[in-house]
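Protein sequences, first through last, are from chains A and B. Count the first sequence with the working numbering and you get residues 1 to 371, in order. Count the second sequence with the working numbering and you get residues 372 to 683, in order.
Any given hint might turn out to be false.
[To be verified] DEER-style ranges, computed between Cβ atoms:
id: 1; chain 1: A; residue 1: Ser124; chain 2: B; residue 2: Ile638; range: 37 to 47 Å
id: 2; chain 1: A; residue 1: Tyr14; chain 2: B; residue 2: Arg679; range: 53 to 63 Å
id: 3; chain 1: B; residue 1: Leu435; chain 2: A; residue 2: Gly44; range: 36 to 46 Å
id: 4; chain 1: A; residue 1: Leu43; chain 2: B; residue 2: Ala594; range: 28 to 38 Å
id: 5; chain 1: B; residue 1: Ile379; chain 2: A; residue 2: Leu43; range: 48 to 58 Å
[Said to hold, decoys possible] So the derived list for chain A, only partly shown, Cβ under 10 Å to chain B, looks like this:
id: 6; residue: Ile11
id: 7; residue: Tyr14
id: 8; residue: Ile17
id: 9; residue: Leu18
id: 10; residue: Leu22
id: 11; residue: Trp97
id: 12; residue: Gly180
id: 13; residue: Trp182
Worth flagging that the hints you see were computed from the coordinates, not collected in a lab. Idealized CB from N, CA, C, for every residue including glycine.
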Amino acid sequence: MKMKIEKRLVIPRYSSILVPILSVVVALVLMGIILMVFFYGRLGSLSLAFRETFDAYKEMLTWPFANKYGIFSTLMRMVPLAFVGLGLSFAYRMKIWNIGGEGQLYMGALAATWGALFLFKDVSSPLAMILLISITGAVAGGLWALIPALMKAFAKTDEIVVTLMLNYVAIFWVDYLVYGPWKDPKGYGFPGTAPFPDEAKLPTLFKGEFHVGFFVAIAFAVVLYYIYKKTRWGMNSKIVGDNAQAARYSGISIVRYTIIALVVSGAIAGLGGAIQMMGVQHRLQHGFSPGYGYTAIIVAWLAKLNPIAILLVSFLFGGLLVGNDQLQMFYKLPMALISVFQGLVLFSLLGGEAISRYRVRIVKEEAAHIE
Amino acid sequence: MNSIESFILSTLSATVRAGTPLLFAVLGTIFTERSGVMNLGLEGLMLVGAIGGFVASYQTSSLLAALLLAMLAGAVLGLIHAFFTVTLRVNQIVSGLAITMLGTGISGLWGKDYIGVIARRFEPIEIPFLSDIPYIGQVLFNHDVLVYISFALVPVMWFFIYKTRPGLTLRAVGESPDAADAKGINVFAVRYFYTVLGGSITAIGGAYLSLAYNSMWIENMTAGRGWIAIALVLFATWDPVKALIGAYLFGGITALGLRLQAVGAHISPDFLKMLPYLLTIVVLFFTSTDTLKRKVGAPASSGIPYSREERT
Numbered sequence: 001m002k003m004k005i006e007k008r009l010v011i012p013r014y015s016s017i018l019v020p021i022l023s024v025v026v027a028l029v030l031m032g033i034i035l036m037v038f039f040y041g042r043l044g045s046l047s048l049a050f051r052e053t054f055d056a057y058k059e060m061l062t063w064p065f066a067n068k069y070g071i072f073s074t075l076m077r078m079v080p081l082a083f084v085g086l087g088l089s090f091a092y093r094m095k096i097w098n099i100g101g102e103g104q105l106y107m108g109a110l111a112a113t114w115g116a117l118f119l120f121k122d123v124s125s126p127l128a129m130i131l132l133i134s135i136t137g138a139v140a141g142g143l144w145a146l147i148p149a150l151m152k153a154f155a156k157t158d159e160i161v162v163t164l165m166l167n168y169v170a171i172f173w174v175d176y177l178v179y180g181p182w183k184d185p186k187g188y189g190f191p192g193t194a195p196f197p198d199e200a201k202l203p204t205l206f207k208g209e210f211h212v213g214f215f216v217a218i219a220f221a222v223v224l225y226y227i228y229k230k231t232r233w234g235m236n237s238k239i240v241g242d243n244a245q246a247a248r249y250s251g252i253s254i255v256r257y258t259i260i261a262l263v264v265s266g267a268i269a270g271l272g273g274a275i276q277m278m279g280v281q282h283r284l285q286h287g288f289s290p291g292y293g294y295t296a297i298i299v300a301w302l303a304k305l306n307p308i309a310i311l312l313v314s315f316l317f318g319g320l321l322v323g324n325d326q327l328q329m330f331y332k333l334p335m336a337l338i339s340v341f342q343g344l345v346l347f348s349l350l351g352g353e354a355i356s357r358y359r360v361r362i363v364k365e366e367a368a369h370i371e
Numbered sequence: 372m373n374s375i376e377s378f379i380l381s382t383l384s385a386t387v388r389a390g391t392p393l394l395f396a397v398l399g400t401i402f403t404e405r406s407g408v409m410n411l412g413l414e415g416l417m418l419v420g421a422i423g424g425f426v427a428s429y430q431t432s433s434l435l436a437a438l439l440l441a442m443l444a445g446a447v448l449g450l451i452h453a454f455f456t457v458t459l460r461v462n463q464i465v466s467g468l469a470i471t472m473l474g475t476g477i478s479g480l481w482g483k484d485y486i487g488v489i490a491r492r493f494e495p496i497e498i499p500f501l502s503d504i505p506y507i508g509q510v511l512f513n514h515d516v517l518v519y520i521s522f523a524l525v526p527v528m529w530f531f532i533y534k535t536r537p538g539l540t541l542r543a544v545g546e547s548p549d550a551a552d553a554k555g556i557n558v559f560a561v562r563y564f565y566t567v568l569g570g571s572i573t574a575i576g577g578a579y580l581s582l583a584y585n586s587m588w589i590e591n592m593t594a595g596r597g598w599i600a601i602a603l604v605l606f607a608t609w610d611p612v613k614a615l616i617g618a619y620l621f622g623g624i625t626a627l628g629l630r631l632q633a634v635g636a637h638i639s640p641d642f643l644k645m646l647p648y649l650l651t652i653v654v655l656f657f658t659s660t661d662t663l664k665r666k667v668g669a670p671a672s673s674g675i676p677y678s679r680e681e682r683t
């Protein structure tokens, strides 16, 4: 008997579901080990560190998923993740690496605030107000992504660093406004704008624990799923991503597809920013996003760019963000833990995908030398 | 010395200090990418370098230990990246992003108890005679030892890459791994070596931030410098000498922004802080077209995993 590792000709379908699930599990285990090292440093005893890690995990996994208030928090954190994740999927399908989701979210939020406090302040109908703000946010996110889009389409500028640099620019811009001209004079020196008028707040359910932006995210996921599976855009964009050469020969304009992909991607993230403002924050604040734009990269990747899967994965990651908050509060653990976890998930996923390209076969000795 | 003169000189001196972390990151990454591995994880590498160096300095008061632990931390992350990109041949962009996230997270976790504490830092050392040269002495030879190491690293790397046998091997592996393999060069070993080495040099850039530039540990203190360095590698066209120019160009913009703030210019500090990021975008635009890249000889196989089975 002999073991033989060989390359699979066809990667089995189940691996595209199994690998992401397993990679989350592996990442949780690895993070547990890192946490134990951290607690060991703090407590000085291995058994205490083990207990502490176990308790921390229990807190992190039960509160966001098994407690009524926790679940609402999870759902509310899921919404911005889902929007940015869905937006990113639109570009990633074409292998356009938009990692500027964070900046596009910020610009959407900035524009929404501009709309709510200045541009549409005389609009009295809540429905009109909400629609106008949503559109403003989406346009702002789209325009912010238009910069790397034009650069990539016409000068072949690599979009990765440009989209990332624009995140910093967007955040500083918001900082400038909330510390400067837009600062709430009644805000006791707090870096934020005045609150939104009531017409610019999304309707809520369950005593304000939950806003309707959630349903908008679901609707967007369904629409995107349809676009990806059933429309010409969906098919062509996949071809551009897989084989730009072939796409060009079949008459697809790469320039047009690149620009549209990035702009739509940014617009969906920008809409997410506007909805976050109208639904949760109700005012623009310094650092309102705990890195939704970066977490959404993992969400989109783990979901294999499938819009419905993006909803599920953003629910999971929304819960992990909530759980991380709990750990910060009760175990004095830093925010950075979520970055550790995200890095581990990505590596587990990459490793899992690499391994699933191979299979181990047991071959009998006699058979082995016939080959 | 009049006040304008001293403003210019102090800005230039600050330029060198602000440019040094970028210079280390760019030089390290030139090694990595020359071998054909693209690493987008610079931000994470610099952060673990920053915290690793800071912790070692705090615990031992030895700056040598600080430098070594920073390099070790960068080397470990470099090794992870090498394992995933060279052995498992995964998508290098995603692996780089994962390195960034892991490095950011680990440094934050590790540095939790080091916020607000003071560690021994790299103090400026005036080089005798050289620091007495008018103007130049003050700008270039009144810094700490890490700055001098970066000065030395530029010509050494240039000579190594272009004029030595191992440098030729490095370039061959990045340019045409098939040909290098056929010549009997172990492509995998070379890529591993330079990804690890590049990671540790990049990490020194982070240690410079926590032990000289800011002289403390702040979470996420690199503030995008890793990404700016990625753009600078393109700007420098994988040439250490141009890396120096690029790093100081950015150092200059940062220093000027800070100086203008200090003398009370009527520009919002938030707009001044945007400058390096905006300049990065401009730099990328002007170094981006396909033709330009081909002309200057980017490592042709950078970002493409090498597999013996799939040789063309």
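Each hint, compared with the structure:
no. : hint                            : verdict
1   : A:Ser124 - B:Ile638: 37 to 47 Å : holds, 39 Å
2   : A:Tyr14 - B:Arg679: 53 to 63 Å  : violated, 29 Å
3   : B:Leu435 - A:Gly44: 36 to 46 Å  : violated, 28 Å
4   : A:Leu43 - B:Ala594: 28 to 38 Å  : holds, 33 Å
5   : B:Ile379 - A:Leu43: 48 to 58 Å  : holds, 54 Å
6   : Ile11                           : violated, 14 Å
7   : Tyr14                           : violated, 20 Å
8   : Ile17                           : violated, 19 Å
9   : Leu18                           : violated, 17 Å
10  : Leu22                           : violated, 16 Å
11  : Trp97                           : holds, 6 Å
12  : Gly180                          : holds, 6 Å
13  : Trp182                          : violated, 12 Å
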